[in-house]
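Peer 1: Sequence:
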Amino acid sequence: MDYTSSITPPSFKYDVFISFIGEEGTRYSFTSHLYDALRDKQIEDFAEELQLPRREEIAPDILKVIEESKISVVIFSKDYAASTWHLDELVRSVNAWKSTNRL
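So the sequence shown is numbered by this note's numbering: it starts at 81 and just counts up by one.
Hints listed in this document are in silico derivations from the structure and should not be mistaken for laboratory results. Any given hint could turn out to be false.
[To be verified] The calculated DSS-like cross-link candidates involving lysine-lysine, where the alpha carbons are at most 25 Å apart (straight line), are:
| id | residue 1 | residue 2 |
| --- | --- | --- |
| 1 | Lys93 | Lys144 |
| 2 | Lys178 | Lys150 |
| 3 | Lys178 | Lys93 |
| 4 | Lys93 | Lys121 |
| 5 | Lys158 | Lys93 |
| 6 | Lys150 | Lys121 |
| 7 | Lys158 | Lys121 |
[Said to hold, decoys possible] Ranges between beta-carbon positions, derived for each pair:
| id | residue 1 | residue 2 | range |
| --- | --- | --- | --- |
| 8 | Ile123 | Trp177 | 32 to 42 Å |
| 9 | Ala162 | Ser91 | 17 to 27 Å |
| 10 | Lys93 | Asn175 | 15 to 25 Å |
The beta-carbon is built from N, C-alpha and C at its ideal position, and this holds for glycine as well.
Put together the whole structure using the sequences plus the hints.
Peer 2: As structure tokens, then:
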């Protein structure tokens, strides 16, 4: 009997979700270089501050993207911990990893 075919791995829309501080942080330095390098290697990534408009609260569409991403890359910068929005993203990412046994 072949038991390996009975286990279906989860399907993800994105390979990587990138969480970072935008204008004052790493947008035009490390993050943009990482984003471009991932794209060059045909790795499907999602960098929310590059792809979605800024809002006051973490939006349901961001939460969905976090859950649809295989991994999250958190780019800590000087102002990251001062951002409630980004700390929420970090908590949601950790919870998503735990709920799918990826952490």
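Peer 1: Hint compliance check: list the failing hint numbers for this structure, sorted ascending.
Peer 2: 5, 7, 8 and 9
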